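Engineer: Sequence:
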Amino acid sequence: MSVRLIPGHLTSWKPWYYRALIPALQRLGPERSDSVLEALGRLVALSPRRARKITARLADAREGLEADWDLDTARNALAGNLARFSARDCLLSGLSDEAALSRFDVTGAEHLDAAIGRGKGLILLGAHFGGYLAAMHWLIRRRVPLRMMLQRPRHVSEELTRWFNRAGTPDDPDGEARHPQSAFFLRRSMPAGEGVLRVLRARSALLEGLAVLIHGDVAWDSRCARPGRLLGRPVRVESAWADLAVVTGSPVLPIFCEHRRGGRFGLTIDPPRFLAPGGQQDAVDRYLARLDAAIAAAPAEAISHLLWPTDRLDRVAPRPSWDRSQVPRIPNPEAATG
Numbered sequence: 002m003s004v005r006l007i008p009g010h011l012t013s014w015k016p017w018y019y020r021a022l023i024p025a026l027q028r029l030g031p032e033r034s035d036s037v038l039e040a041l042g043r044l045v046a047l048s049p050r051r052a053r054k055i056t057a058r059l060a061d062a063r064e065g066l067e068a069d070w071d072l073d074t075a076r077n078a079l080a081g082n083l084a085r086f087s088a089r090d091c092l093l094s095g096l097s098d099e100a101a102l103s104r105f106d107v108t109g110a111e112h113l114d115a116a117i118g119r120g121k122g123l124i125l126l127g128a129h130f131g132g133y134l135a136a137m138h139w140l141i142r143r144r145v146p147l148r149m150m151l152q153r154p155r156h157v158s159e160e161l162t163r164w165f166n167r168a169g170t171p172d173d174p175d176g177e178a179r180h181p182q183s184a185f186f187l188r189r190s191m192p193a194g195e196g197v198l199r200v201l202r203a204r205s206a207l208l209e210g211l212a213v214l215i216h217g218d219v220a221w222d223s224r225c226a227r228p229g230r231l232l233g234r235p236v237r238v239e240s241a242w243a244d245l246a247v248v249t250g251s252p253v254l255p256i257f258c259e260h261r262r263g264g265r266f267g268l269t270i271d272p273p274r275f276l277a278p279g280g281q282q283d284a285v286d287r288y289l290a291r292l293d294a295a296i297a298a299a300p301a302e303a304i305s306h307l308l309w310p311t312d313r314l315d316r317v318a319p320r321p322s323w324d325r326s327q328v329p330r331i332p333n334p335e336a337a338t339g
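The sequence shown begins at 2 in this note's numbering and counts up by one.
Just so you know, these hints were derived from the structure itself, not from any lab. Errors might be hidden in some of the hints.
Between beta-carbon pairs, the in silico distance windows are [claimed, not checked]: (1) Leu72 to Asp175: 43 to 49 Å; (2) Ala21 to Asn166: 22 to 28 Å; (3) Leu72 to Val37: 23 to 29 Å.
All values reported here derive from a predicted model rather than from experimental measurement. C-beta atoms are modelled at their ideal positions from N, C-alpha and C, and glycine is treated no differently.
Let's have the full structure, built from the sequences with the hints guiding it.
Structural biologist: Structure, rendered in structure tokens:
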């Protein structure tokens, strides 16, 4: 039996980063803290092993996307984003709503406002791109009536943690004591039927007028997955959002968030799309093409797609053919009521 001489929490970088460095950076203000994060990212990228990995992944992505970016420029920009990406939304913690929201340059907020104004549900389709956790932070600070069907993120701001714990409970800060957020979280390994229950809960939330955030780039080998291409490679991605859009008639609004200098974020909400029955595969293809375009325009924001150790683009092999009968049927409330 081996004995660990130094406790694991002391040898991991995460406690030091999130409990010591991030709180210290918050006291510097957004511009100075962002400069420190950029410098730290470039320092981390000097590791020969990491530098080789970044170069190889960027080269593969450039070929797969048929992009024309300069490899040295893209590598330098991605290195500068490494620590920014790891900071997640933590540097927004402790700010007032007004101060936090002022750090975002938002394009397309009118699409979200119009969709909410319908008084019906809507699907926000996110991705693990850029400041995706900061986008969640913006949504909860803006008091969007929201649930999130995704794996619960860790090492996030106090505000996001509190929302994850309280949304939909009697302690809900917005008074929405219905559809507890805890019942929407996904896990890679769930008991049989649990995934379907999440989808049915999302359907109920949409029919009651809530927004539901789902990530459309998650490699997933299940009946709720469909084939597609990302970064020039075949993938199978979780696509329950497309079935929910058809069944509930909810519009789909893709949402993207990029890091900007000075501790700012650029948030883009695309115009809504309504899916017709049978249009789910086309919708998945369109979304992945939209994500490809975002990565081609800003490869430094694609840290998760290029560097995450799960190597998610290769790990789930595509099936040779797509059998639509394998997609679980989501009950249509209109059909049920005649």
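Engineer: Which hints from the list above does the structure break, by number from lowest to highest?
Structural biologist: Going through the list in order, the structure violates no hint and respects every one.
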